[in-house]
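2 protein chains.
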Amino acid sequence: KALARSAIELRCQCIGTHSRFIHPKFIQNVNLSPSGPHCKNVEVIATLKDGRELCLEPTAPWVKLIIKAILDKANPKPETVS
Amino acid sequence: KALARSAIELRCQCIGTHSRFIHPKFIQNVNLSPSGPHCKNVEVIATLKDGRELCLEPTAPWVKLIIKAILDKANPKPETVS
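So the protein lines, in turn, are chains V and U. Per our numbering, the first sequence starts with residue 11, numbered consecutively. Per our numbering, the second sequence starts with residue 11, numbered consecutively.
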């Protein structure tokens, strides 16, 4: 059900964006793709914990906040990784 | 050479982080994983245009700036997608 995604995609992945807020607790990870020759759009694809993938609107304030929230939870330079 | 990555990973992906600046022009995409039961660390994995995957330090200012730069290049709500 989840898209098989190789490291390098050669086309746009999103045909539209999900506009409603998604609580971060449902988000497994977020993938950011800059625009480039493969796709003129910046793409933000969230993988939810149930395996669904949703394209998010990169300009939406809540999307930026979720990304900031993920980064802000990081602790500086862990020396060891469990 | 690139990791095969399923939608949902059940363990930490990074055993360390790359600390030197990488120019955004070399970055194909950036994946953000919040911490969770699968891994106590926030993980930021950049896929480079040559297919390499690098773990970045989520607390590094340049990493935050690159993520911000990607998002800031987005245009609001494109009506059509090429």
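Simulated from the structure, these hints should not be mistaken for laboratory data. Nothing here was measured: the structure is a model prediction, and the numbers come from that model. Hints are not guaranteed to be accurate.
No copy labels: a pair is met if it fits in one copy or bridges any two.
[Stated by the list, open to error] With a Cα cut of at most 27 Å, we get these calculated DSS-like pairs of lysine-lysine:
hint	residue 1	residue 2
1	K83	K50
2	K35	K59
3	K78	K59
4	K35	K50
Hints, one by one, checked against the model:
no., hint, verdict
1, K83 - K50, "between (31 Å within a copy, 10 Å between copies)"
2, K35 - K59, "within (8 Å within a copy, 30 Å between copies)"
3, K78 - K59, "both (19 Å within a copy, 24 Å between copies)"
4, K35 - K50, "between (30 Å within a copy, 14 Å between copies)"
The structure meets every hint from the earlier list without exception.
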